[in-house]
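Asks: Make a model of the complete structure from these sequences and hints.
Below, each chain spelled out in residue letters.
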Amino acid sequence: MDIKLLKTEAEKDLTLSKDLKDLDDIFRKYLGKKGSIAEIFNSLAEMSKKDRIKAGKEANELKSFLIDKINQKRLDLAETIKGKEQWIDISLPAKGPKTGHLHPLTLIKRKVSEIFESMGFSYIEGPEIENEFYNFDALNIPKDHPARDAWDTFYLDKGLLLRTHTSPVQVRFMEKNNPPLRIFVPGRVFRHEATDASHEVNFYQIEGLMVGKDVSTANFKAVIKEFFSRFFGKKIEIRLRPSFFPFVEPGFEVDISCVVCKGKGCSVCSKTGWVEIMGAGMVHPNVLKASGINPKFWQGFAFGIGIDRLAMMKYKINDIRLFYSSDLRFLEQF
Amino acid sequence: MLFSYNWLKDYTKLPKPAKLVELLVMHSFEVEEVLKISGDYLFEVDVLSNRAPDCFSHIGLAREIAAVSSKRFKAPKFNLKEKNKLKIEDFININVSDKNDCLRYSGRVLLNVKVGPSPKWVQKRLKICGLRPINNIVDIVNYVMLETGQPLHAFDFDKISGPKSGPKKIIVRRAEKGEKIISLDDEKYGLNENILVISDLEGPLAIAGIKGGKKAEIDKKTKNIVLEAANFNYQVVRRASRILKLKTDASWRFENRISPNLTESSINRAAYLIKSIAKGDVSWGIIDSYPKKALPVKVKFATDYLERLLGIEVPVRDIKDILSRLEFEVIDERAIGDNNSSIQLTVKVPDFRLDISIPEDLIEEIGRIYGYYKIQPVFPVSSLIPAKKNIDVFWEQMIKDILKESGFSEVYNYSFTGEEAKKFGYNKEEIIRILNPISDEHNYLRPSLIVNLLKNVSLNFRYFNEVKIFELGKIFKKTNSGLIEKKMICSLIASKEDNNDLFYQIKGVLDQFLNKLGISDIYYDEHQPTPDDSKISVWDIKRCAEVKSGSEELGFLGAVSSSILDSMKIKGSVFLFDIDFEKLLNLCSEEHEFRPISQYPAAVRDLSVLIPLKVKVEEVLNNIETAGGALIRDVDIFDIYEGEGIKEGKKSLAFHIVFQAEDRTLKSQEIDQILNRIIKSLQENPQWEVRK
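Those protein sequence lines, which keep their order, are chains A and B.
If you use the numbering used here, the first sequence corresponds to residues 1 to 334, in order.
If you use the numbering used here, the second sequence corresponds to residues 1001 to 1692, in order.
Hints may be right or wrong, so weigh each one.
As the list claims (entries may be wrong) - Stretch-level coverage of chain B by chain A, calculated; a stretch enters the list once three of its residues show a Cβ under 8 Å from a Cβ in chain A:
#: 1; segment: 1042-1050
#: 2; segment: 1217-1228
#: 3; segment: 1412-1421
Claimed, not checked - Computed list of lysine-lysine pairs in BS3-like fashion (alpha-carbon distance at most 30 Å, straight line):
#: 4; chain 1: A; residue 1: K314; chain 2: A; residue 2: K98
#: 5; chain 1: A; residue 1: K57; chain 2: A; residue 2: K4
#: 6; chain 1: B; residue 1: K1507; chain 2: A; residue 2: K296
#: 7; chain 1: A; residue 1: K95; chain 2: B; residue 2: K1507
#: 8; chain 1: B; residue 1: K1507; chain 2: A; residue 2: K235
#: 9; chain 1: B; residue 1: K1650; chain 2: B; residue 2: K1667
Hint data in this document are derived by calculation from the structure and do not stem from the laboratory.
All C-beta atoms, glycine included, are put in the ideal place defined by N, C-alpha and C.
Replies: Pasting the structure below:
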C-alpha cells in the first residue's frame, strides 16, 4: 500500500473521530497487530533491499506520526468532555466549614495580652473569691473608711467577698516575687450595683504593675501611650489628670485622645477631644509594705483598664449587657 | 458637690467659667456640669474623696482655685461682738463621755434672737447648692456649713431639759439600746449603743453628726439658742449612718473627716451671721471640749525622689512657689546626697489638709499643680527579661480555638445563679450563697456552668434550630476545706429534635479536642451512680458517660435529662461535655513525636461480627486488638447494622483490619494466621459469631 495514501486516510479518520472509541478503532486500524502498518512491515521481506530500506523508514515515520496524533487527539477529546461536564455556577453561595466564634471579650483580652507580653509583662491570674485583706486592707483601704464605698461589694460567708477589682493580685504577686517585676492581670471582677447600659454585676479588668528602682510617671506615660497606640492601630495621645485611689500616690485619671475625631471634638468625647479610659498611679508605699517590699528601694506604677469598655470602644457596642447575654445573634458577629 | 460661682468669687478672683472648668479638671477635680442659673453659675464638682476634708466647702474650693490659678485667697473677715455679762458657763456645760467618739465639742449661746425668713441672698445661695430654706437660724447654720465645711446644729435652748437651777447639761454619749428619737423631719429612729447622741438629762436631742431631733427644734417662737460645732469620730458617724440608713450633708462630711480646728472659726462665723441677721445677744466665750489638740503635721521629702517618682525635674523655686500657694510652710531646707545633689525640704502641712502625711502626698501636690502634661513619656530602662509564658492561659486559648474551629461559639455567662440551681440537685451544703444578692436570679455563685448554658439554649432556640456553644469559666463550691473556685470547660450541642447521633458528634468534638491537647489515654466509662452524687440529676443516665484518665474522673459527656430540659422549657435535646479544666491541664502535653511511615505495604482484611445489641463496640475492638498483637496497625469500624436479615436482638459490626510491619512485607500466610487467632478469640464468647 502507498504510505502517502495511508497517511492521508489516517489524517482524515483522525479529524472525523468524535470520541475515545473512535480513537481506539483508528489505533487498531493502523497500529494494531493486524493493522495497516503491521501489514507494511510484513510485506518488507518481499522487497528489494533498496525498497525495503526506504519503505521501512517511511513506515516507522508514519508509525510515530500516528502515535503522536492519536495521543494529541485523545487529550483534546478529554479536554472537551471535561469542559462539558464541569461547568460551575460560581455565583452560588459557598459551603465552607462552619466555624464558631470567640467571644469579643476573649478577642480583646488576647489583643491586650499580646501587646503587654511584647513589652515584657507577664500574664498572671488570681482568685475571684477574695478576703478583705487582699481586696481592701492591703490596698490601703481601711475598714470603716468611706473610701470603701467606691467599691460596692458582694459579700460571702466568713469575711469572704467577690473581688471588686483585679488589684488584689498585685499584692498576691509581690508577696511571692521580688522586684524588678512587670505583670498584667486580666480577670473577672464583681460590683454590687444596678445594671444598665454601662454597668454590669460582673465585668473584666486588666491590672498592670511595674516595679523597679526608678520606674516613674514618665515611664508609665510611655508604656500606656504605646499600649493604646498599638491597640487602636493609630497614634494616640494621652493625658493624666489628678485622681484618688487609696492604693496609689500620686493617682491619675488617664484620658486618651478621642479615636473617633482624633481630638477635634465629637459626640463620643462630648466635644472635649478626650475620652476617660482608666485609673492609674504610682504604687502607694503602704501597698508595697503590705506586700513585703521595702518602698525605700522600690517604686512603680499600677493601672486598671476595663476590658468591656475597650471592647465597646473598639466594636462600637453601646450596651455592656450584650457581652453577658449569650445571644448568638450578637456573638456570631465576632 | 454643688458650688455657686458667685459665692466662690467672695474669696478669690475667678477666671471665666469655661476657663475655671479647664483649670479644675487638669489640676484638681472633674467638673460634672456647669449650669447658668439666675445670674450665677452652678458648678457640679466631683471633689475627690481624699480632698473632702477641705474642699466640701466654698472656702476650701476657692482656696484650691486660688492656688491653681496663682491668685490671692481672702478668708471672710468679721468682727463678732459678745456680751460680757452673758457668761457661757452660766448657760450650758458639756459632758463628753468618750473623747474618742467626740474629738471636739464647741458650743455658744445666743439670746433673744428673732426667728423669721432669711434674707434673699442667703436663700438664693442655699437653693443653688440644693438646700431648702427654712428659717434664718437654720439657714445660717446650713450656710456656714457650705461655706466652711463644718456641720453645725442649733438647739432651742429653752426646750433643753435641765436642772431646776444652774447651767443646762449637754451630754455627748452612746445611745442606750431601745432609746428612740424623733427627727426634725418627724421620722422615728430606734437607737442602740453603736450610735452616738447629743442628749440632755432626759434623752436624746440629736443623732450626733447626722440629724437633729424634734425635741429642741428651732421654731417661730424660739428666742434663745445653743449653737453646736463639733468634731465626731468619722467611723462612729459612718457606722451609725449605715445602721440607720440615713445619710445627710452633715454625716457625709464627718465620715470623710474634717479638721477639729474648724469648729471654733465656724461657730463664730455662724454667731456673727445670726447676730447680724436675726439680732440677739451672743454669749461671752465658747464652751469647748477639746482634750487632745490636733498638732500640725510635718512631712520631709527630697527633690531627687520627686524627680525619680515623676520622671521630671521641677526647679526648686517652682516647688517652693507651689507649696506656698497651697499654704504649706517650708520650715527647713537642706542639701543632701552625694555632692549635695538633692534638696530636702521639711514642710508644715496646713491643718485643713488631712490628706497629706507622706512624701508621696507632697509630690502629688507639686506634680498636679506644676502640670502632669509637662511630663514627657520616657520608656523604662530594664533588664531584658522576657515575659513569662503562662501555661494555663496557653492551653485555655488552645482549647477555645479548637472548639471555635469545631463550630462552637463562646459565651460568657454571669458567675451567679438563682434558685433553679436546686433543681439540678445542688444543696445548701455545697452551694455558695451571696449574703447581699442584687436580685433573686443572682442568689448563689454558680456551682456548674451547665445551668446558665441551658438558659442560653432556651433563649437562642427562639432564633435558631440548632445551638452549639461553649464556656470556659469558674464554678464555685463549698467544701469541708472551705470555698473553692475552679475552671470548667463545658460545650454543648442543642437541637430541636432528639437524635442520638448528636451524642457521637459531641463525643467526636471531645475526642478531637483531647487529641489536639496531646491527651491520648482517655476512656469513657458508664456512669456508676452513687447515693451522694447530686450532679447526676442533670444527666440522662442511659445516655451519658464519665470521661476518665487512669482512675481520675475528668468530667461527663452525655444527654441532659428530660426533667431538667422540661424545667428549663427546652423542647428538644441537649448533648454536652463538662470537663474539669484544672485536671485536664495536668494531662496536656505539647510534646509530639513523629512516627516513621513504614516502607512496607499494609494489608487489609475485612471481618464482620454478629453480637448482642447491648454489647459495646469497644469490647469487640479491644478483643481484636489484644488477640491481633503488634502487627495490627489500625482497626476501623465501617458498618453497624441491625434489623432486616439479622437475628432479633443482634447487631452486625463490620471492620477493616489493617496489618503492617515496620521492617518487612507481611506474607499472606502470616496475616491469615493472625486473623485466625482473632476469630478464635472472638468466638470464645458463645454469643458472638464471626462471619468472614
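Asks: With reference to the structure, classify each hint as holding or not holding.
Replies: These are the hints, each one checked on the structure:
For the segment 1042-1050 of chain B, the stated coverage by chain A is satisfied: 3 residues place a CB nearer than 8 Å to a CB of that chain, which reaches the threshold of 3. Chain A is given as covering the segment 1217-1228 of chain B, and this is violated because 0 residues of the stretch bring a CB closer than 8 Å to a CB of that chain, at least three being needed. For the segment 1412-1421 of chain B, the stated coverage by chain A holds: 5 residues have a C-beta nearer than 8 Å to a C-beta of that chain, and at least 3 were required. Under the criterion of a C-alpha separation no larger than 30 Å, the hint pairing A:K314 with A:K98 is consistent with the structure, at around 25 Å.
Note on A:K57 and A:K4: the hinted pairing holds, with a Cα-Cα distance of about 13 Å set against a maximum of 30 Å. A threshold of 30 Å between alpha carbons decides the hint, and for B:K1507 with A:K296 the separation of about 58 Å lies outside it, so the pair is violated. Proposed proximity of A:K95 and B:K1507 is supported: the alpha carbons are some 24 Å apart, at most 30 Å. Distance check on the hinted pair: B:K1507 and A:K235 sit about 48 Å apart at the alpha-carbon level, beyond 30 Å; violated.
For a cut-off of 30 Å, the pair hint linking B:K1650 to B:K1667 is broken: about 35 Å separates their Cα positions.
Going through the hint list in order, the structure does not satisfy hints 2, 6, 8 and 9.
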